[in-house]
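Protein sequence lines correspond, in order, to chains A and B. Letter by letter, the first sequence follows residues 1 to 113 of this note's numbering. Letter by letter, the second sequence follows residues 1 to 117 of this note's numbering.
FYI, nobody ran anything at the bench for these hints, they're computed from the structure. Any given hint might turn out to be false.
Think about it this way: if two alpha-carbon atoms lie no more than 25 Å apart in a straight line, the pair counts; the simulated DSS-like pairs of lysine-lysine are [what the hints assert, rightly or not]:
1) A:Lys105 - B:Lys71
2) A:Lys42 - A:Lys56
3) A:Lys68 - A:Lys105
4) A:Lys68 - B:Lys57
5) B:Lys71 - B:Lys57
6) B:Lys71 - B:Lys14
7) B:Lys71 - A:Lys56
8) A:Lys56 - A:Lys71
9) A:Lys56 - A:Lys105
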Amino acid sequence: GESVGLHLPTLSVQEGDNSIINCAYSNSASDYFIWYKQESGKGPQFIIDIRSNMDKRQGQRVTVLLNKTVKHLSLQIAATQPGDSAVYFCAENSGGSNYKLTFGKGTLLTVNP
Amino acid sequence: NAGVTQTPKFRVLKTGQSMTLLCAQDMNHEYMYWYRQDPGMGLRLIHYSVGEGTTAKGEVPDGYNVSRLKKQNFLLGLESAAPSQTSVYFCASSYSSSGAGAFDEQFFGPGTRLTVL
């Protein structure tokens with residue numbers, strides 16, 4: 001079956017730098033994408049989402065970019081802080097499903113003070 | 001609002017034992033889900049429900065059963081636990097919409113860490 005994957009399993013950045021976490025998806029019928037943050041011992045927490053009719057969406061310190069041509073999704077975190085250290089998952093709505101998500105394996109972001 | 005809650009938080013079982021994990025949400029969400037998370041892997045969908053009284057299989061349903069007798073609760077059962085079911089289990093819920101582009105974010109509980117010896 002089709003699945004969501006990540007280019008980098010780990011990412012280490014200095015505090016204050018910008019972070020970019022990448023994700024590749026293979027199901028061209030997916031039209032909803034979402035990023036979750038998971039801290040150790042906790043459940044995933046929503047960060048930001050984007051629908052396929054957009055190519056960019058901004059939140060507070062975070063930006064998601066969607067490139068449907070190459071089936072690529074990225075999460076940009078501005079001025080990364082130690083509290084941003086976590087595993088980040090991208091997910092897609094399983095080929096256009098209205099309720100099922102397919103998750104990638106995650107990227108571990110470590111922020112060094 | 002408490003959001004999505006899960007009980008218990010931790011459990012240790014012996015092979016062959018049974019147990020039920022309880023998920024509750026107070027957001028009046030129609031959709032509920034059970035996932036498992038294993039080291040180095042993303043979340044995998046076990047079963048889900050699109051409304052009270054309905055359930056459906058996800059990606060990895062074998063060895064699990066579910067029930068959604070009340071809208072706010074979604075139960076995950078293991079009839080005969082196996083070591084391969086050692087995992088962290090997450091419940092999630094989401095609002096339902098209709099039509100194209102209707103997907104909404106899923107809200108997750110804190111997880112249940114299950115060890116099967």
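These are the hints, each one checked on the structure:
Proposed proximity of Lys105 of chain A and Lys71 of chain B is contradicted: the alpha carbons are some 30 Å apart, above 25 Å. Between Lys42 of chain A and Lys56 of chain A the CA atoms are separated by roughly 28 Å; this puts the pair beyond 25 Å, and the hint is violated. Only pairs whose Cα atoms come within 25 Å are accepted, and Lys68 of chain A paired with Lys105 of chain A is accepted, the gap being roughly 20 Å. Taken as a hint, the Lys68 of chain A and Lys57 of chain B pair is broken in the structure, with Cα atoms around 29 Å apart against an allowance of 25 Å.
Simply put, Lys71 of chain B and Lys57 of chain B have alpha-carbon atoms about 18 Å apart, close enough for the 25 Å limit, and the pair holds. Between the alpha carbons of Lys71 of chain B and Lys14 of chain B the distance comes to roughly 31 Å, so the proposed pair goes past 25 Å and is violated. Distance hint between Lys71 of chain B and Lys56 of chain A is unfulfilled; the C-alpha atoms sit about 35 Å from each other, more than 25 Å. Restraint check: the Cα-Cα separation between Lys56 of chain A and Lys71 of chain A comes to about 14 Å, which is no more than 25 Å; the hinted pair holds.
Our distance criterion of 25 Å between C-alpha atoms is met by Lys56 of chain A and Lys105 of chain A, whose separation comes to about 23 Å.
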